[in-house]
Amino acid sequence: MLGEIHITHTPQDLIERLTLNLDPENYYIFEREDFKIDDAKEVIAQSYLTIKDDMLIILSANKYNQAAQNALLKITEEPPEKIKFIFIARNKNAFLPTIRSRMRIISHKQYTEIPPFDIDVNKLTLESIYHFCKYNDDHRHTKDEVKIRIESLLYALHNAKIPLNKNELAYFDKAIALNQNDASEKENYIFLPLLLRLLQKQRGRK
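Residue numbers (our numbering): 932 to 1137.
Calculated from the structure, these hints are not laboratory results.
There's no promise every hint is true.
[Said to hold, decoys possible] 27 Å max Cα-Cα, derived DSSO-like pairs, lysine-lysine: (1) K983 / K1015; (2) K1013 / K967; (3) K1065 / K1117; (4) K1105 / K1074; (5) K1065 / K1132; (6) K1097 / K1078; (7) K1092 / K994; (8) K967 / K994; (9) K1040 / K994; (10) K1054 / K967; (11) K1054 / K1040; (12) K1078 / K994; (13) K1015 / K1054; (14) K1097 / K1117; (15) K1040 / K1074; (16) K1015 / K1040; (17) K994 / K1015; (18) K1105 / K1023; (19) K1105 / K1117; (20) K1054 / K1117; (21) K1117 / K1132; (22) K1105 / K1132.
[Unchecked claim] Here are the in silico distance ranges between beta carbons for each label pair: (23) I968 / S1059: 43 to 49 Å; (24) I960 / I1093: 45 to 51 Å; (25) E973 / A1101: 39 to 45 Å; (26) T1029 / P1094: 53 to 59 Å; (27) A998 / E962: 51 to 57 Å; (28) L1109 / K1132: 16 to 22 Å; (29) I975 / T950: 20 to 26 Å; (30) K972 / K1105: 34 to 40 Å.
All values derive from a computational prediction rather than experimental measurement.
For every residue, glycine included, the Cβ atom is placed at its ideal position computed from N, Cα and C.
Throw the hints in and build the complete structure from the sequences for me.
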């Protein structure tokens, strides 16, 4: 059976929908933060177990190790009889091109309303930045929430008609990449350089 790659920001909800009407004996779920080579070996072993009915094997992870994906190449191209694979991630770039070429890609687009940014960007002060950072220390946010807050800051600057030059936009690109690639990065390490640079820009305009 042709396998599928599903792109979604709510993997748990998708898994529940995919398995809603299935007997628990007819699906197997591998949920990982980082899908590694040992996980790939376990998937391959599970795939070759003797089964009577169709079997759905679901892999869901934030990151898929390159070695793990390479190990799965053959089995995704020629899956055992009655086996269907579904890979789930938040971004299609989580997968190697060789994996993507072997499977059907389904994107579950979600449109999230961007909330207003916590600080009035027209009235930035060291005090307002301090309180913003203190709030972040007391309230841990997920990667997706941090991404939305970065977008919210960009949207606030646009609405306030505060232009950003090439270097300033590069700071935002760096912030988004830092949030995406480093799960251990503290939120204030992402926002503080942005806000201080904007404060400096604001003072220079006066």
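Hint-by-hint comparison with the structure:
1. K983 / K1015: Distance ~14 Å between K983 and K1015 Cα, so the pair holds.
2. K1013 / K967: holds (25 Å)
3. K1065 / K1117: holds (12 Å)
4. K1105 / K1074: The hint holds at about 14 Å.
5. K1065 / K1132: OK: K1065 and K1132 at ~23 Å, within 27 Å.
6. K1097 / K1078: holds (20 Å)
7. K1092 / K994: Given pair K1092, K994 is violated - Cα atoms ~37 Å apart, limit 27 Å.
8. K967 / K994: At roughly 9 Å apart (the allowed maximum being 27 Å), K994 and K967 satisfy the hint.
9. K1040 / K994: holds (19 Å)
10. K1054 / K967: The given pair, whose Cα atoms are some 47 Å apart, is violated under the 27 Å limit.
11. K1054 / K1040: violated (35 Å)
12. K1078 / K994: Roughly 17 Å separates the two Cα atoms, so the pair holds.
13. K1015 / K1054: At roughly 55 Å apart (the allowed maximum being 27 Å), K1054 and K1015 break the hint.
14. K1097 / K1117: Given pair K1097, K1117 holds - Cα atoms ~25 Å apart, limit 27 Å.
15. K1040 / K1074: holds (18 Å)
16. K1015 / K1040: Given pair K1015, K1040 holds - Cα atoms ~23 Å apart, limit 27 Å.
17. K994 / K1015: The hint holds at about 21 Å.
18. K1105 / K1023: holds (20 Å)
19. K1105 / K1117: Within the cut-off at roughly 14 Å; holds.
20. K1054 / K1117: holds (25 Å)
21. K1117 / K1132: holds (24 Å)
22. K1105 / K1132: holds (18 Å)
23. I968 / S1059: 43 to 49 Å: Since the Cβ atoms of I968 and S1059 sit about 47 Å apart, the hinted range of 43 to 49 Å holds.
24. I960 / I1093: 45 to 51 Å: Given about 46 Å between the Cβ atoms, the range holds.
25. E973 / A1101: 39 to 45 Å: holds (41 Å)
26. T1029 / P1094: 53 to 59 Å: Given about 42 Å between the Cβ atoms, the range is violated.
27. A998 / E962: 51 to 57 Å: Violated, since A998 and E962 (Cβ atoms, about 19 Å apart) do not stay within the stated range.
28. L1109 / K1132: 16 to 22 Å: For L1109 and K1132 the Cβ distance comes to about 20 Å; the hint holds.
29. I975 / T950: 20 to 26 Å: Roughly 21 Å apart at Cβ, these two residues keep to the hinted range, so it holds.
30. K972 / K1105: 34 to 40 Å: Holds, since K972 and K1105 (Cβ atoms, about 36 Å apart) stay within the stated range.
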